[in-house]
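In case it helps, the numbering used here puts the sequence shown at residues 83 to 217.
Simulated from the structure, these hints should not be mistaken for laboratory data.
This one's a predicted model, so the numbers in the text were calculated from it and none came from an experiment.
Possibly wrong hints are sitting among the right ones.
Stated by the list, open to error - Pair by pair, the computed Cβ-Cβ distance ranges are: (1) LEU131 to PHE159: 40 to 48 angstroms; (2) LYS86 to LEU131: 31 to 39 angstroms; (3) HIS94 to GLN138: 18 to 26 angstroms; (4) LYS206 to PHE159: 47 to 55 angstroms; (5) LYS142 to HIS94: 21 to 29 angstroms; (6) VAL93 to GLU130: 14 to 22 angstroms; (7) PHE209 to LYS189: 19 to 27 angstroms; (8) GLU117 to PHE159: 56 to 64 angstroms; (9) GLU90 to LYS151: 36 to 44 angstroms; (10) GLU90 to ALA160: 25 to 33 angstroms; (11) ILE198 to LYS150: 26 to 34 angstroms.
Think of the CB as a built atom: it goes at the ideal place given N, C-alpha and C, for glycine as much as any other residue.
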Amino acid sequence: MTKKEAIELAVHYRWTAQDAKRAYDGLNCKEASQEELLLALIKFAGPELYQRQKLQAAQKALVTKKKKKIEAIEIKFAEEIREGEEKLQEMRSTFLAVIFRLYAFAKTFGMEDPWIEALIEAHKAYFDHQNEPAA
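Start from the sequences, fold in the hints, and give me the full structure.
The following block contains the structure:
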């Protein structure tokens, strides 16, 4: 029996091809009988396969732990961004209110500035647009 046929035999018994290759390592498949091949699978299924599965489970647990940690970081980062945007909006609102009051006061003394006028108009248009009911 060729090594490929021996691996197919193991796959027939629901072994993975890689585990079958490991089980047949050091065994001359061409000279071995079907019973010897099955015996090699049984011997490999003991402590070696158990150890390998144990290592895989540990690796999977580590991957899961890291995924959860990344998700927690992403959630925390999104929350910090949202809080930062809220603070920025609040600072802009405060800053614009101060500018509007100072400009209104300065206008009484004849000061006019086209940039500040454009800022006021843009601010009014923005808030008028936001306060419009959705269609």
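Structure-based check of each hint:
1. With their beta carbons about 42 angstroms apart, LEU131 and PHE159 fall inside the hinted range of 40 to 48 angstroms.
2. A C-beta distance of roughly 21 angstroms is found between LYS86 and LEU131, which places it outside the suggested range of 31 to 39 angstroms.
3. For HIS94 and GLN138, the Cβ-Cβ distance of about 23 angstroms falls inside the hinted range of 18 to 26 angstroms, so the restraint holds.
4. Between LYS206 and PHE159 the C-beta distance comes to about 34 angstroms, which lies outside the given range of 47 to 55 angstroms.
5. A hinted range of 21 to 29 angstroms holds for the C-beta pair LYS142 and HIS94, which are about 27 angstroms apart.
6. Between VAL93 and GLU130 the beta carbon distance is about 18 angstroms. The supplied range of 14 to 22 angstroms therefore holds.
7. For PHE209 and LYS189, the hinted distance range of 19 to 27 angstroms is satisfied, since their beta carbons lie about 20 angstroms from each other.
8. Checked against the hint of 56 to 64 angstroms, the C-beta distance between GLU117 and PHE159 comes to roughly 60 angstroms, which is consistent with it.
9. The beta-carbon spacing between GLU90 and LYS151, approximately 42 angstroms, falls within the hinted interval of 36 to 44 angstroms.
10. Roughly 51 angstroms separates the CB atoms of GLU90 and ALA160, a value that falls outside the hinted 25 to 33 angstroms.
11. Range check, ILE198 to LYS150: Cβ separation about 51 angstroms, and the 26 to 34 angstroms hint is violated.
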